Amino acid sequence: MFFHWLEKNPFFFAAGISIVISFAGLLEIVPNFAEAARPLVDLKPRTVLQLAGKNVYKKDNCISCHSQMIRPFKSETDRYGAYSLSGEYVYDRPFLWGSKRTGPDLHRVGNYRTTDWHENHMWDPPAIVPGSIMPAYKHQFTNLADIETAYAEAVTVKNAFNTPYGPEFKGTRAAWEAHKPKVLEEAKRIADDMKNKDIKEAVARGEVPEVVALIAYLNSLK
Amino acid sequence: MQANAALEYDYSLAKKFTFLTILFGFLGMLVGTIIAAQMAFPELNYLLGEYGTFSRLRPIHTNTVVFGFTVSAIFATWFYVGQRVLKVSMAESRFLMVIGNIQFWLYFIGALLATISLLFGISSSKEYAQYEWPFDIVVVIVWVLWGFNIMGLIGIRREKALYISVWYYLACFLGISMLYLFNNMAIPTYFATEGLGNIFHSVSMYSGTNDALVQWWYGHNAVAFGFTVPIVAMIYYFLPKESGQAIYSYKLSLLSFWGLMFVYLWAGSHHLLWSTVPDWMQTMGSAFSIVLILPSWGSAINMLLTMKGEWNQVTENPLIKFMVLASTFYMLSTIEGPIQAIKSVNAIAHFTDWIPGHVHDGVLGWVVFMVMASIFHMAPRMFKREIYSRKLMEVQFWLQTTAVVLYFTSMWIAGITQGMMWRAVDEYGNLMYSFIDTVTVLHPYYTIRALSGVMYLTGFLMFAYNIYKTMTAGRELSEEPQFRTPMA
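From first to last, the protein sequence lines are chains A and B. Going by the numbering used here, 91 is the number at position 91 of the first sequence; the sequence numbering is gapless. Going by the numbering used here, 454 is the number at position 454 of the second sequence; the sequence numbering is gapless.
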């Protein structure tokens with residue numbers, strides 16, 4: 001019998017397993033790749049400051065409790081805004097849809113929350129939303145965001161995946177030093193809307209606290 | 001060596017990985033209990049400053065139980081079962097022993113460093129694949145070394161036909177290799193530029209919807225090939241060995257094995273129902289999830305029928321009780337999953353606590369119970385001593401069983417409550433509850449869940465203590481027990 005023979009021939013057995021388990025990936029995942037990689041018209045990749053904020057979002061693993069995926073139900077569009085489209089995520093590496101909503105969805109949080117709101121909320125969530133079980137993220141007010149890494153990320157995705165960043169994005173230190181003032185300028189616009197004196201001073205010194213980058217990212221979620 | 005002479009098996013690697021299983025099991029469950037308590041009592045987020053928040057600790061919990069506890073248990077049982085079903089001792093090959101020891105130390109050090117990296121927030125933020133690229137490379141090397149060991153031992157085997165457990169270990173090796181490699185494809189930004197920024201940072205090769213598809217093809221099947229396949233390998237070996245009963249049906253084993261291999265991979269997209277993944281893939285994910293009941297229940301039924309005519313053993317031998325309960329939870333979990341994968345049910349269940357509830361009746365009831373039963377069976381044979389205390393084992397069994405029931409019932413209620421409240425509308429069609437209402441209402445269930453965590457962790461400590469005492473103070477055995485594990 002075929003199976004008795006197979007069980008005495010480990011090479012063919014292993015080959016058999018490999019073939020059988022590969023089917024699904026080939027038929028289900030691969031065909032979608034080209035299609036799902038098309039951006040919405042006018043979709044822009046995130047700025048370096050926003051990317052740095054996304055990396056703060058990853059570092060503190062906000063994905064543990066927040067989704068970025070509005071499903072096509074009236075109860076969700078009423079609560080969070082228009083349902084999510086595939087073309088909106090094309091520049092997201094990795095995707096940050098999440099799988100659990102211990103807190104609300106954030107895919108369009110930039111439409112209905114402000115810099116000021118986030119500043120107070122990240123400092124002490126239950127003070128803004130009574131009953132909230134979200135921890136305070138005070139360390140984001142003192143830790144500095146890694147804007148250089150964010151710049152390296154922008155250059156990498158531009159070179160590897162043709163993400164439309166401008167010609168000035170090059171992987172050299174000189175190019176980064178030339179771009180840095182733009183990042184600080186954007187950070188200053190965020191800090192102008194904040195109250196915390198230490199944050200304002202840090203940004204004036206040319207530093208970007210994590211919370212500033214994070215707010216830039218959250219504001220870009222629309 | 002004469003064909004019928006008894007082999008002297010070498011258990012040194014099985015012992016080492018058994019210690020790691022217990023160590024990582026304790027750490028993973030401890031962190032799990034802490035984060036469960038944080039959801040009920042948020043003040044507990046501030047014990048360790050920035051390193052103690054729920055969000056930082058959660059990946060440590062998941063990765064320590066997956067890549068620490070479960071993978072150690074897979075290695076531990078392989079280095080025990082592999083030799084015995086292939087009728088060849090590890091001691092016969094110096095090469096395999098050396099490879100095995102390198103695998104052990106690399107794995108131990110790698111797992112510790114990777115855990116620390118997560119504590120510092122060095123994370124790719126892809127669920128169950130958070131390790132950044134340097135740690136991914138360590139994982140791959142460890143896995144390949146294990147592959148060498150499997151293939152090597154098969155290469156020098158005396159028993160020509162591969163026993164069912166070996167099929168599953170092989171599948172575990174091949175499946176995880178494929179999934180882990182493809183999902184973790186990333187470009188380190190430091191090397192893609194002139195050394196700009198953080199050396200650990202990388203960007204995923206896939207973006208948006210594509211990334212989601214690959215991630216959940218991985219995430220779902222890491223469960224398949226980490227939490228199902230190798231655990232089935234364990235029960236196919238340890239249940240017949242412990243009970244003295246032959247496997248009920250060879251044909252059912254065949255059907256379940258090849259069925260599981262083919263069907264499982266398709267079901268990953270049920271994690272992405274109602275998302276921006278194309279509709280046909282969502283439907284495929286749903287449909288194949290339902291089909292998946294067949295091979296899953298096939299194995300479980302095969303196990304339960306193996307006990308046919310010998311059910312008295314459940315009352316006489318606590319180890320049989322552990323294994324029968326494990327198969328039963330496997331059945332519960334593999335009917336619950338397909339129910340959640342039905343699109344209309346998923347609309348309520350997704351994003352709620354019903355999902356962690358489902359995961360935990362599977363892992364706490366099936367995986368951990370089966371792993372503990374395996375170690376209880378192996379210990380007297382590895383250490384040549386009787387199990388230290390049967391009474392402790394009984395107490396542990398009931399404590400942990402109660403804990404699992406409390407866990408999933410509280411999370412079922414919490415999940416369905418929250419899912420229904422999110423969509424509830426008043427007579428004018430306006431949403432009835434603000435989001436925070438749907439959080440505060442869960443407090444009692446979160447408290448019950450935290451309590452169940454404390455109970456389960458206590459049971460696990462009893463298990464660890466029992467094994468420790470077995471090693472050091474159990475009555476010595478003059479010869480290896482044949483079937484039923486001796487216990488005081």
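No wet-lab data here; the hints were simulated from the structure. Being a predicted model, the structure only gives us computed values, none of them experimental. Just so you know, not all the hints are guaranteed correct.
Derived lysine-lysine pairs resembling DSS-like cross-links, with alpha carbons at most 25 Å apart [stated by the list, open to error]:
hint, chain 1, residue 1, chain 2, residue 2
1, B, K160, B, K87
2, A, K200, A, K188
3, B, K160, B, K308
4, A, K8, B, K391
5, A, K138, A, K44
6, A, K58, A, K44
7, B, K251, A, K74
8, A, K8, B, K87
9, A, K8, B, K321
10, B, K87, B, K321
11, A, K100, B, K87
12, B, K241, A, K8
13, A, K100, A, K158
Okay, the calculated bits of chain A under chain B, using three or more residues with CB under 8 Å as the criterion [unchecked claim]:
hint, region
14, 21-30
15, 56-68
16, 125-131
17, 179-193
18, 199-210
Just so you know, even glycine gets a beta-carbon here, dropped at the ideal spot from N, CA and C.
### Task
Sort out which numbered hints this structure fails and list those numbers smallest first.
Violated hints: 3, 4, 5, 7, 9, 10, 11, 13, 17, 18; rest satisfied.
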